[in-house]
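K.L.:
Below, each chain spelled out in residue letters.
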Amino acid sequence: MICRMRYEKRDEVKYIGHLDTMRTFTRCIKRTNLPVKYSGGFNPRVQLSFALPLGVGVTSECEYVDLELQDDADIEPVEIVKELNEVLPEGFRIVSATKIEESKSLMSLVKEAIYEISILLTNENAEEIVNRLNTLFEKPNLLIEKQTKNKRQEQVDIKEMILNVKNEIVNYCTVRCTIHCLAGSEKNLNPNLVVELINNELGKNMEDFEIHRKGLIL
Amino acid sequence: MKNILKVVEKPIRYTGEEINMCKKDPSKVKIRYAFCFPDVYEIGMSHLGLRILYDLYNRREDTYCERVFAPWVDMEKQMREHDIKLFALESKDEIRNFDLIGFTLQYEMSYTNILNMLDLAGIPLLSKDRKDGMPFVMAGGPCAYNPEPLADFFDFFVMGEGEEVNMEINDLYIKWKEENKSRKEFLEMVSELEGVYVPSFYEPVYQDDGKIKEYKILNIHAKNKITKRIIKNLDTLTYPEKWLVPYLKVVHDRPMLEMFRGCIRGCRFCQAGYIYRPVREKSKEKLEQTANVLIQNTGYEEISLTSLSTSDYTHFHELAGELIKTMKPKNVNLSLPSLRIDSVSLKLLDEVNQVRKSGLTFAPEAGTQRLRDVINKGITEEDILHGCDLAFRSGWNTIKLYFMIGLPTETEEDLQGIVDLADKIVEVYYAIPKKERTKGLSITVSASTFVPKPFTPFQWCGQNDIETIKKKQDYLKKHLTNKAVKFSWHEPEISVIEAALAKGDRRQCEVLQNAWKLGCKFDSWGEFFNYEKWLQAFEKSNLDIRYYTERKMDLDEVLPWSNIDIMVSDKFLKREYQNALDEKVTPNCRVKCNGCGIQDCPVR
Chain B
33 MICRMRYEKR
43 DEVKYIGHLD
53 TMRTFTRCIK
63 RTNLPVKYSG
73 GFNPRVQLSF
83 ALPLGVGVTS
93 ECEYVDLELQ
103 DDADIEPVEI
113 VKELNEVLPE
123 GFRIVSATKI
133 EESKSLMSLV
143 KEAIYEISIL
153 LTNENAEEIV
163 NRLNTLFEKP
173 NLLIEKQTKN
183 KRQEQVDIKE
193 MILNVKNEIV
203 NYCTVRCTIH
213 CLAGSEKNLN
223 PNLVVELINN
233 ELGKNMEDFE
243 IHRKGLIL
Chain Y
5 MKNILKVVEK
15 PIRYTGEEIN
25 MCKKDPSKVK
35 IRYAFCFPDV
45 YEIGMSHLGL
55 RILYDLYNRR
65 EDTYCERVFA
75 PWVDMEKQMR
85 EHDIKLFALE
95 SKDEIRNFDL
105 IGFTLQYEMS
115 YTNILNMLDL
125 AGIPLLSKDR
135 KDGMPFVMAG
145 GPCAYNPEPL
155 ADFFDFFVMG
165 EGEEVNMEIN
175 DLYIKWKEEN
185 KSRKEFLEMV
195 SELEGVYVPS
205 FYEPVYQDDG
215 KIKEYKILNI
225 HAKNKITKRI
235 IKNLDTLTYP
245 EKWLVPYLKV
255 VHDRPMLEMF
265 RGCIRGCRFC
275 QAGYIYRPVR
285 EKSKEKLEQT
295 ANVLIQNTGY
305 EEISLTSLST
315 SDYTHFHELA
325 GELIKTMKPK
335 NVNLSLPSLR
345 IDSVSLKLLD
355 EVNQVRKSGL
365 TFAPEAGTQR
375 LRDVINKGIT
385 EEDILHGCDL
395 AFRSGWNTIK
405 LYFMIGLPTE
415 TEEDLQGIVD
425 LADKIVEVYY
435 AIPKKERTKG
445 LSITVSASTF
455 VPKPFTPFQW
465 CGQNDIETIK
475 KKQDYLKKHL
485 TNKAVKFSWH
495 EPEISVIEAA
505 LAKGDRRQCE
515 VLQNAWKLGC
525 KFDSWGEFFN
535 YEKWLQAFEK
545 SNLDIRYYTE
555 RKMDLDEVLP
565 WSNIDIMVSD
575 KFLKREYQNA
585 LDEKVTPNCR
595 VKCNGCGIQD
605 CPVR
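Taken in order, these protein sequences are the chains called B and Y. Quick note on numbering: the first sequence equals residues 33 to 250 in my numbering. Quick note on numbering: the second sequence equals residues 5 to 608 in my numbering.
Keep in mind that the hints were calculated from the coordinates and are not lab data. Positions of the beta carbon are idealized from the N, C-alpha and C atoms, including for glycine.
25 angstroms max Cα-Cα, derived DMTMM-like pairs, lysine to aspartate or glutamate:
#1 Y:Lys10 x B:Glu177
#2 Y:Lys253 x B:Glu122
#3 B:Lys69 x Y:Glu355
#4 Y:Lys10 x B:Glu93
#5 Y:Lys329 x Y:Asp257
#6 Y:Lys81 x B:Glu44
#7 Y:Lys96 x B:Glu122
In silico contact screen, one side only, chain Y against chain B (beta carbon under 8 angstroms); selected entries:
#8 Asn7
#9 Leu9
#10 Lys10
#11 Val11
#12 Ile16
#13 Thr19
#14 Glu21
#15 Ile23
#16 Val249
#17 Thr302
#18 Gly303
#19 Asn337
Let the sequences and hints guide you as you build the complete structure.
P.N.:
Here is the structure:
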């Protein structure tokens with residue numbers, strides 16, 4: 033039996049990378065008395081499976097993890113949520129959980145994602161920035177240099193991976209670009225590439241951007 | 005600060021907030037203490053002493069102890085560009101406003117990082133330049149036993165185990181602050197505590213030949229000799245049960261269960277074997293109890309037994325058996341480092357399944373029985389070959405052998421001994437029927453360079469010069485020809501600087517400052533170590549590095565560390581030095597007391 037949980041990763045813990053997040057969950061679960069199932073073999077491990085990795089420095093309100101429970105476990109999802117939230121570090125919070133019988137790996141279920149990219153303005157006019165972004169995303173091709181796995185530079189067009197874009201003024205010093213894009217193991221848009229694209233257009237510093245994962249569509 | 009975290013590698017090195025981190029309201033404490041580890045987070049968080057003292061300080065309501073590590077070079081660059089001063093991990097407050105700053109001195113090659121951290125903190129490097137209202141900078145740890153190369157930078161040093169004396173210092177600090185006294189008066193107060201060395205109260209006087217004539221005592225509060233502190237009964241100590249769990253994978257990523265302090269062996273090159281005397285064990289019951297609490301509080305999947313020599317714990321097998329029994333149902337592994345390999349320990353390793361059936365390590369340190377007798381390494385060729393035979397028969401196929409080259413009295417014969425030993429192990433492997441051994445034999449011979457250390461019988465010895473070490477390495481490269489044997493070695497330059505600092509005197513404070521100004525930092529990291537700059541640093545101060553590294557010191561000469569007393573007598577070290585030259589073995593402390601000078605030794 034699997035308990036599928038949705039959790040948030042807020043500001044305080046956003047610098048914890050994906051592997052470190054996985055370890056943190058494992059250790060927190062081991063500090064509870066939850067009836068979890070261990071893998072077989074010489075080094076029995078808590079059976080956890082995560083959805084799409086989140087980049088270092090990115091916050092999220094929509095992360096998923098599957099936790100495998102013992103077959104005869106008699107425990108309600110709300111209790112699991114309660115126990116886990118007591119041991120998780122500040123910044124991580126389980127918001128909901130459901131029991132499912134069986135599932136393909138979470139990663140393979142991911143289809144799309146929604147990111148909010150906040151742009152901190154220094155002395156630019158917010159309205160003008162929104163207009164420039166609107167024009168930018170209307171271009172037929174959005175080309176960006178990307179480093180490939182074997183450390184070569186390669187130009188990619190991210191246009192085809194973007195499903196929808198909305199640019200808006202949050203307040204006089206912040207503009208928000210919300211991107212709905214393809215995600216998952218087949219075609220995945222890394223939000224850092226979008227930041228780079230915007231940065232190339234606006235000529236700001238990388239420090240002026242915040243990325244937040246608003247949604248993950250399974 | 006928020007912005008620079010976005011552009012540095014591994015930002016969680018600097019954000020703290022780990023599980024079991026101590027949170028306090030800084031306005032409600034009397035002492036803010038910065039525990040500084042002069043290396044990067046992943047290394048500092050693997051250090052047991054930090055865990056112990058962090059816990060002990062924070063058990064006091066009047067003290068808030070926070071952690072500080074050396075920022076990695078990318079972070080340092082950002083901090084300097086944005087004028088961010090060195091801050092503590094817990095509160096993110098600048099440590100220049102703290103009361104006490106304590107550095108732990110674990111290895112000589114971290115010294116330049118200390119200067120760099122003080123500079124990043126905005127604290128004057130030299131003790132004499134610190135004014136009222138600035139923190140006191142103190143240090144402890146194994147390298148503090150020769151405090152002289154760092155004497156100008158620290159207000160005071162603590163010798164030995166810190167559990168009691170650090171608390172006494174805190175008490176005095178509170179008293180001093182209430183009485184509104186001068187900086188000097190605080191130093192006078194702490195210099196009366198057993199185990200505290202205030203270097204500015206002592207002045208070395210040199211002879212014409214450069215050797216030390218004597219130390220002049222400049223203050224009536226200063227003692228003639230500073231005796232190290234030890235905790236007599238380790239069971240009376242509290243243990244850091246609220247074990248910090250880092251998010252980052254650190255070097256030793258598991259809670260450590262300290263079994264005992266000290267070592268019964270007395271290998272003559274090993275500083276730890278002398279400075280941590282006498283051997284004191286924790287009770288088995290207490291250890292079992294602590295192990296359970298540590299696992300409950302951390303959720304770790306592994307726990308390790310910690311000491312200088314695991315197998316030497318009196319009730320080791322009972323303890324290991326008991327721990328395996330309680331940890332298995334919790335799916336927690338037991339890690340057993342530095343085991344002596346025999347049939348019993350191999351069975352145990354099988355049981356805990358700690359080592360994948362691949363790597364077993366032996367540390368003969370020297371290639372011939374003669375040289376092993378010189379260094380008093382109580383392991384024979386027969387032990388090693390028999391251990392290998394057993395290991396091969398129970399499925400292991402990879403052996404690592406640790407040696408040191410440049411040991412006192414070493415000759416070509418001893419180097420050939422290393423080659424012969426490796427070849428004999430290969431023979432042992434092939435003598436076993438094919439069905440009874442695992443395919444793919446691999447032997448790694450690793451040779452480090454001998455560094456003479458203070459408070460060992462070899463403290464008077466010189467080090468081989470670089471050319472000689474390189475020739476010896478070449479000999480091994482040339483002669484270790486067997487296909488199954490791999491040779492690994494390190495460039496000797498780093499060991500030369502290590503020796504110079506280990507045996508250094510107060511004149512080296514200037515050298516250190518020169519080196520730091522030339523850009524030396526993270527010297528224990530191969531990618532940053534720069535030998536040329538270090539040589540320049542010595543030249544600039546008109547000091548000959550070979551005077552410190554290669555010179556054989558006279559037995560009656562005043563040693564730079566002669567103000568310090570480690571409770572082991574000078575007479576004993578001299579006797580051991582002579583025994584080494586005579587190739588005479590000294591039995592371990594349980595076999596026979598060798599009269600090292602320790603009073604009330606529990607082993608005797």
